[in-house]
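Participant: In case you want the letters, here they are:
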Amino acid sequence: GAGVSQSPSNKVTEKGKDVELRCDPISGHTALYWYRQSLGQGLEFLIYFQGNSAPDKSGLPSDRFSAERTGGSVSTLTIQRTQQEDSAVYLCASSLDRGKTQYFGPGTRLLVL
Amino acid sequence: GIQVEQSPPDLILQEGANSTLRCNFSDSVNNLQWFHQNPWGQLINLFYIPSGTKQNGRLSATTVATERYSLLYISSSQTTDSGVYFCAVGRWGGGADGLTFGKGTHLIIQP
Chain A
27 GAGVSQSPSN
37 KVTEKGKDVE
47 LRCDPISGHT
57 ALYWYRQSLG
67 QGLEFLIYFQ
77 GNSAPDKSGL
87 PSDRFSAERT
97 GGSVSTLTIQ
107 RTQQEDSAVY
117 LCASSLDRGK
127 TQYFGPGTRL
137 LVL
Chain P
36 GIQVEQSPPD
46 LILQEGANST
56 LRCNFSDSVN
66 NLQWFHQNPW
76 GQLINLFYIP
86 SGTKQNGRLS
96 ATTVATERYS
106 LLYISSSQTT
116 DSGVYFCAVG
126 RWGGGADGLT
136 FGKGTHLIIQ
146 P
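Just so you know, the sequences run in chain order A and P.
The working numbering applies: residue 27 is where the first sequence begins, and numbers increase by one.
The working numbering applies: residue 36 is where the second sequence begins, and numbers increase by one.
Among the clues, some could well be false.
[As the list claims (entries may be wrong)] Here are the simulated distance ranges between beta carbons:
(1) P/111 with A/79: 39 to 49 Å
(2) A/64 with P/80: 13 to 23 Å
(3) A/31 with P/101: 36 to 46 Å
(4) A/43 with P/102: 25 to 35 Å
(5) A/65 with P/79: 12 to 22 Å
(6) A/96 with P/108: 39 to 49 Å
(7) A/64 with P/40: 15 to 25 Å
(8) A/111 with P/36: 37 to 47 Å
(9) P/102 with A/40: 47 to 57 Å
(10) P/108 with A/28: 43 to 53 Å
[As the list claims (entries may be wrong)] Listed next, the in silico DSS-like pairs over lysine-lysine satisfying Cα-Cα at most 30 Å (straight line):
(11) P/89 with P/138
(12) A/41 with A/83
(13) A/37 with A/83
(14) P/138 with A/126
(15) A/37 with P/89
(16) P/138 with A/41
(17) A/126 with A/83
(18) A/41 with P/89
(19) A/83 with A/43
(20) A/83 with P/138
[Claimed, not checked] Anything over 10 Å on all C-beta distances counts as not near chain P; from chain A, calculated:
(21) 28
(22) 40
(23) 48
(24) 97
(25) 107
(26) 138
Think of the hints as simulated: they come from the structure by calculation, not from any bench.
The model shown is predicted, which means the values in this text are computed figures rather than measured ones.
Glycine is no exception: its CB is placed at the ideal position from the N, C-alpha and C atoms.
With the hints as constraints, model all of the structure from the sequences given.
Facilitator: Dropping the structure here:
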């Protein structure tokens with residue numbers, strides 16, 4: 027019955043390293059979304075998963091970003107060769123079905139040095 | 036893509052005051068949600084309201100989809116209402132399942 031959880035809470039990495047961010051959606055929710063929040067760009071949509079369908083990757087800013095969702099549940103967002111402009115809070119949300127109320131996790135704060 | 040404008044950007048009120056926050060959007064949507072981001076950064080869903088009016092305690096919201104705007108009303112403000120209020124829109128099934136967020140209204144309630 028818990029909400030959306032994300033790990034780690036904070037991540038500091040060096041420029042050029044790869045990072046993986048994890049999201050555990052609410053049990054039974056078929057839709058999962060990734061967003062990021064930064065001072066300069068506000069809240070931006072990144073990627074959307076619905077059930078076993080191909081994800082909507084239209085918001086990914088570059089090919090260094092990728093995400094997968096295993097077994098229709100847990101999702102991992104991977105950023106390769108991190109850049110300083112990737113520093114942001116990465117937020118995950120889930121909803122019971124597409125187009126429904128979205129519930130957000132606490133986010134992962136990423137700092138790229 | 037869909038553009039979302041929120042007003043006012045900042046609002047400072049005394050405890051007990053009422054306020055109205057506005058959200059304008061540039062295209063037809065079938066998904067509109069209001070969120071409150073508390074000082075710790077957690078986004079809390081307040082309303083799922085693609086059309087019509089809803090109320091939840093001291094908060095209520097109205098969306099007039101044909102005129103492309105939504106309003107969030109906060110009555111008898113409390114200090115715990117402080118934070119940033121976001122309007123977010125989408126068009127599920129129409130290539131915009133992910134929400135587009137406005138820049139938010141930063142609300143400060145003073146005791």
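Participant: Each of the hints needs a verdict: does it hold here or not?
Facilitator: Hints versus structure:
| no. | hint | in the structure |
| --- | --- | --- |
| 1 | P/111 with A/79: 39 to 49 Å | holds, 45 Å |
| 2 | A/64 with P/80: 13 to 23 Å | holds, 21 Å |
| 3 | A/31 with P/101: 36 to 46 Å | holds, 39 Å |
| 4 | A/43 with P/102: 25 to 35 Å | violated, 48 Å |
| 5 | A/65 with P/79: 12 to 22 Å | holds, 21 Å |
| 6 | A/96 with P/108: 39 to 49 Å | holds, 42 Å |
| 7 | A/64 with P/40: 15 to 25 Å | holds, 19 Å |
| 8 | A/111 with P/36: 37 to 47 Å | violated, 21 Å |
| 9 | P/102 with A/40: 47 to 57 Å | holds, 50 Å |
| 10 | P/108 with A/28: 43 to 53 Å | violated, 31 Å |
| 11 | P/89 with P/138 | holds, 23 Å |
| 12 | A/41 with A/83 | holds, 24 Å |
| 13 | A/37 with A/83 | holds, 23 Å |
| 14 | P/138 with A/126 | holds, 22 Å |
| 15 | A/37 with P/89 | violated, 39 Å |
| 16 | P/138 with A/41 | holds, 28 Å |
| 17 | A/126 with A/83 | holds, 19 Å |
| 18 | A/41 with P/89 | violated, 47 Å |
| 19 | A/83 with A/43 | holds, 22 Å |
| 20 | A/83 with P/138 | holds, 22 Å |
| 21 | 28 | holds, 14 Å |
| 22 | 40 | holds, 24 Å |
| 23 | 48 | holds, 18 Å |
| 24 | 97 | holds, 21 Å |
| 25 | 107 | holds, 24 Å |
| 26 | 138 | holds, 19 Å |
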